[in-house]
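Quick note, the sequences are listed as chains A and B, same order.
So that you can map any letter, position 5 of the first sequence is 5 in my numbering, and since no number is skipped, the others follow by simple counting.
So that you can map any letter, position 51 of the second sequence is 1051 in my numbering, and since no number is skipped, the others follow by simple counting.
In short, the hints are calculated from the structure, not lab data.
No experiment lies behind these values; they were computed from the predicted model shown.
Don't take every hint at face value.
As the list claims (entries may be wrong) - Ranges between beta-carbon positions, derived for each pair:
1) B:Val1140 - A:Gly117: 24 to 34 Å
2) B:Phe1290 - A:Ala112: 36 to 46 Å
3) A:Asn65 - B:Ala1029: 19 to 29 Å
4) A:Ala112 - B:Gly1132: 50 to 60 Å
5) B:Arg1171 - A:Asp107: 56 to 66 Å
6) B:Ala1163 - A:Ile108: 45 to 55 Å
All residues carry an ideal CB built from backbone N, CA and C; glycine is no exception.
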Amino acid sequence: MSWEPRELTEPLCRVEDLPDARSVGFDPLGEGRDTMFVVRKGAQVHAWRNLCPHYDRARMAWKKNEFLNGDHSRIMCAAHGALFRIEDGVCEIGPCIGARLTPVPVDIRGGALWIVGPYAPGFRR
Amino acid sequence: MRIIGPDELIFGVDNVDASRTFLTDYGLADVGDGTFEALDGTAVTIRARDDASLPPALETGSMLRRTVWGVEDQASLDAIEAELSKDREVVKANGQLLCKDDAGFEIGFQLTRRRALDLPAELINSPGAKPGRAMNEVGVDQDAEAKPRTLSHIVYFVPDMDAMANFYIDRLKFVVTDKFTNTGPFLRPQANNDHHVLFMIQTSPYMQGLEHLAFHMQGPTELMLAGSRMVQKGYESFWGPGRHKFGSNWFWYFNSPLGTHVEYDADMDHHDGDWIHREGPMGPEQAQVFLFEHVEKWAPGGPPPGKGGGKPA
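Model the full structure from these sequences, guided by the hints.
In structure tokens form, the structure reads like this:
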């Protein structure tokens, strides 16, 4: 497996397959773990790397696809409970307050969700 | 002061259903009223974040609301009350003493709820040593139960490590077993030989909270079995499996809907008053003797991928 960033030749998914106001994890490079996640809110899709700014390379979900708090109003890191705004990824409360999640540039083309530009591996090694 | 260790951790969570499922899958027994017990009765209790019976939350968003310490006898409880009443309010309620520690964490003390366990250790065969298992007794059972035996330790994020450590050392007679320089000490109370029941990590005030909680498993095999089952259920492995240096305990940490890491540990060192603490820098080299990462099951055999699937040309 190459560890260099690379362009993806397939979309992540169809936007209509994303449940509204829920998070879904993706593993675009087939690394064996989700290295990013998206949250759809209506027609908007927000995409973030699965890396909590609190700890180096800390994965955030508590279970597959579970990146949100109880009422799905915030992104929650299940490592230490940091809460982030879904729209801009800024941590509002918790151990990395003020820090921001790393955005993944995405584009919707023909109803499909694409990563824009090269995508770097995210798995610890 | 004969403090044994943490008896119960009480959380105010924002997703009760997810927390219940997580703790059950982790291996604790749902005994009702939001309490999830290990085999010896030590427990994690979850309530809705806005439950009026909970003590106030920290401002940091930590979901931990109280740590209840188990003590061996009434004399220890009386001694703790006398000591802590000198400089803070200590409330007596339902057999518990309730107050805050010097970092502002809500704490309690009670006659321990721990039931004595009489269970076998992991049994191994080792050349040159007396066999651990009887003849024809197999070591692996894929379907074996793997249940946490007892609440092992907790690790806090604290803004003033020295003040916090001194409270437990000077006032509650905990002993330092090892130290990470500028990070925090590992602490053992008087009535427990485990390398640590309490560890702390120096952080900024806005980070104050719980880094992780851990339960002891039977041994490394049971730890691997329980952790593998968590991964298979989709839970997020955070760190491990591996084996720590300080304490020698095997570890496997998972993320959780309680907003803290929840660890399985096994085979921790025991120490007494003769032990002289060590000190080392916190970092990957000192934090573990080795570290693994879970992968899907695999077995050797058959042709390599893309070589014709084994059919002759």
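Outcome of range test on Cβ distance (Phe1290 of chain B, Ala112 of chain A; 36 to 46 Å) | Between Phe1290 of chain B and Ala112 of chain A, where Cβ atoms are some 43 Å apart, the hint holds.
Can you let me know if the beta-carbon spacing of Ala112 of chain A and Gly1132 of chain B is within 50 to 60 Å?
-> holds (57 Å)
Range hint compliance [Cβ, Ala1163 of chain B to Ile108 of chain A, 45 to 55 Å] | Once the Cβ atoms are compared, 52 Å apart, the range 45 to 55 Å for Ile108 of chain A and Ala1163 of chain B holds.
Outcome of range test on Cβ distance (Asn65 of chain A, Ala1029 of chain B; 19 to 29 Å) = Check passed, 27 Å falls within 19 to 29 Å.
Quick one: are Val1140 of chain B and Gly117 of chain A within 24 to 34 Å, going by C-beta?
-> Given a distance of about 48 Å, which is not inside 24 to 34 Å, the answer is violated.
Evaluate the given range 56 to 66 Å for the C-beta pair formed by Arg1171 of chain B and Asp107 of chain A.
-> Between Arg1171 of chain B and Asp107 of chain A, where Cβ atoms are some 59 Å apart, the hint holds.
Checked against the numbered hints above, the structure breaks only hint 1 and satisfies the rest.
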